[in-house]
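There are 2 protein chains.
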Amino acid sequence: MNSKLNFVLAESALELVPKEILRSPAVASDSRRRGVDGSRILLDRSLHHSAMARLRDSEKRGRPDLVHAALLSVTGTPLYLDGSVRVFIHTNQDAVLELAERTRIPKSYFRFRGLAEKLLSERSDEGLVKAYGAGIRELLRRKVSPGRTFGLSVQGRQTGPEELAKAIMAEKNPCVVVGGFPHGHFAQETLALVDELVRIHERPLEAHVVASRVVYEVEKAAALTND
Amino acid sequence: MNSKLNFVLAESALELVPKEILRSPAVASDSRRRGVDGSRILLDRSLHHSAMARLRDSEKRGRPDLVHAALLSVTGTPLYLDGSVRVFIHTNQDAVLELAERTRIPKSYFRFRGLAEKLLSERSDEGLVKAYGAGIRELLRRKVSPGRTFGLSVQGRQTGPEELAKAIMAEKNPCVVVGGFPHGHFAQETLALVDELVRIHERPLEAHVVASRVVYEVEKAAALTND
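Top to bottom, those sequences are chains A and D.
When you line the first sequence up against the numbering used here, it's residues 1 to 227, in that order.
When you line the second sequence up against the numbering used here, it's residues 228 to 454, in that order.
Take these hints with a grain of salt, some might be off.
In silico SDA-like cross-links for lysine to any residue, where the CA-CA straight-line distance does not exceed 25 angstroms [what the hints assert, rightly or not]:
#, chain 1, residue 1, chain 2, residue 2
1, D, K334, A, E117
2, A, K220, D, T452
3, D, K447, A, E117
4, D, K231, A, R157
Cβ pair distances, simulated, as ranges [claimed, not checked]:
#, chain 1, residue 1, chain 2, residue 2, range
5, A, S121, D, E416, 45 to 51 angstroms
6, A, E59, D, A327, 25 to 31 angstroms
7, D, A394, A, A187, 40 to 46 angstroms
8, D, A394, A, K19, 54 to 60 angstroms
9, D, E429, A, P25, 51 to 57 angstroms
10, D, R430, A, G184, 33 to 39 angstroms
11, A, E20, D, R369, 52 to 58 angstroms
12, A, E162, D, L308, 18 to 24 angstroms
13, D, S277, A, G83, 51 to 57 angstroms
14, D, A394, A, F110, 19 to 25 angstroms
15, A, S121, D, R368, 49 to 55 angstroms
16, D, R368, A, R142, 58 to 64 angstroms
Coverage of chain D stretches by chain A, computed from C-beta distances (three or more under 8 angstroms per stretch; other residues unrestricted) [as the list claims (entries may be wrong)]:
#, stretch
17, 267–279
18, 376–384
19, 424–435
20, 439–449
What the hints contain is simulated information worked out from the structure, not anything from laboratory work.
These numbers come from a predicted model, not from an experiment.
All C-beta atoms, glycine included, are put in the ideal place defined by N, C-alpha and C.
Input sequences plus hints: build the corresponding full structure.
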């Protein structure tokens, strides 16, 4: 690995409240309490559950908490703090948040929420976190251009995390794709972009656990290479 | 390691708003917005910063977000999900939250906050999370009774995480103590209870990163032993 590790949280359950449910009682009361227009509020199952039933793919949506946990687990690692991981959050609505090198994510959920709401509402190509519209294909093909893309999924072939890290280290511009959603599997579009689909444990693991283990093993493999 | 791994998050920055600042504007407005009495609200630097300056040890307090992240990083691991980790949260006000085996912590910060507020307000010796008063000494001596206690701190001797995991595995009833606060060091009382003070990286790492790496390495060492 001569370059950085690209880390993509794909199809992430991070979006603003969609139009269909802006007038639902759950969203309206949240909007009133916060004094923020519903269209600028993050969809959150823990607050808007009753309104979410009628959304398409409802079970994969509205989990900013999960996205937050996964981002913290990556951005707290020495590999990231050394500037060796590029982080992209691709959302289920085809927005992308791209972190500038070593940018820290607020650990407070309130601050993370405020940041995500601002980025998704206003989109911006400046600042420490860029926000722009792009599907997973466009993100991978145009922005990341990886030599090899490793997708993490329970549908993948089981491999040891150390082995996976070795395979990642053997690539010039490797990319790891982890699902940023709570249930279900990658969409066909995402699967078509993945060169190797693997799982690192017999249990299904949460995104933040997968992310922290993969980054950690790559960090260890990189340290060995540098010795 | 014949028994479970004991994991203690010590001196955690998790407490209800203390009396001294109940009437501060920051707390009063938070209380009004939520419709909850200030004395039953978690102290949170991201909301009560302006009022916190006059608290003793202010810089170590009011970080429930950090406690939440550390707990998620432990309770999401297969070792924990297999029932092989006992988790205790000791707070800076000498309360203890004790998780029953395999108990999951809400990933949503709102739900975590509600749970912690209820537990700290009401204390209970029943349910999936027990809450009781105990100092770190009482917790370790009476509840955990570890064969050996490993403290994680930047003040400790540097060791590899794999080596640390091996030392942990060599003990019958090992205990790992990680600081649940953002800055500063363990109190003297905590240090006096630690048999080995170690650090696992040259960088200071956040509690959730330390926790996830230590548990992961113990999990790997345990899998080797069981093979």
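Next on the checklist: Does the beta carbon distance between R430/D and G184/A stay inside 33 to 39 angstroms, or does it fall outside?
Outcome noted: 36 angstroms, holds
Next on the checklist: Holds or violated: the 49 to 55 angstroms window for the beta-carbon distance between S121/A and R368/D?
Outcome noted: Because 53 angstroms falls inside the window, the suggested range holds.
Item to check | Assertion that chain A covers the stretch 439–449 of chain D - criterion: three or more residues, beta-carbon distance below 8 angstroms | outcome: holds (count 3)
Item to check | Given hint E117/A paired with K334/D - CA-CA distance at most 25 angstroms | outcome: 19 angstroms, holds
Checklist entry - In this structure, is the beta-carbon distance linking S277/D and G83/A contained in 51 to 57 angstroms? => result Roughly 34 angstroms apart at Cβ, these two residues miss the hinted range, so it is violated.
Item to check | Range hint 45 to 51 angstroms (beta carbons of S121/A and E416/D) holds or violated | outcome: Roughly 48 angstroms apart at Cβ, these two residues keep to the hinted range, so it holds.
Checklist entry - Taking the beta carbons of A394/D and F110/A, is their distance inside 19 to 25 angstroms? => result 39 angstroms, violated
Checklist entry - Can the stretch 424–435 of chain D be counted as covered by chain A under the rule of three residues or more with Cβ-Cβ separation shorter than 8 angstroms? => result holds (count 5)
Item to check | Outcome of range test on Cβ distance (E59/A, A327/D; 25 to 31 angstroms) | outcome: With Cβ atoms ~28 angstroms apart, the hint holds.
Checklist entry - Cβ-Cβ distance between A394/D and A187/A: within 40 to 46 angstroms? => result Hint holds: Cβ distance 45 angstroms, inside 40 to 46 angstroms.
Item to check | Range agreement (Cβ of R142/A with Cβ of R368/D, hint 58 to 64 angstroms) | outcome: 60 angstroms, holds
Next on the checklist: Please verify the coverage claim for the stretch 376–384 of chain D: does it have three or more residues whose C-beta sits within 8 angstroms of some C-beta in chain A?
Outcome noted: violated (count 0)
Of the hints listed earlier, those the structure fails to meet are numbers 3, 4, 13, 14, 18, in rising order.
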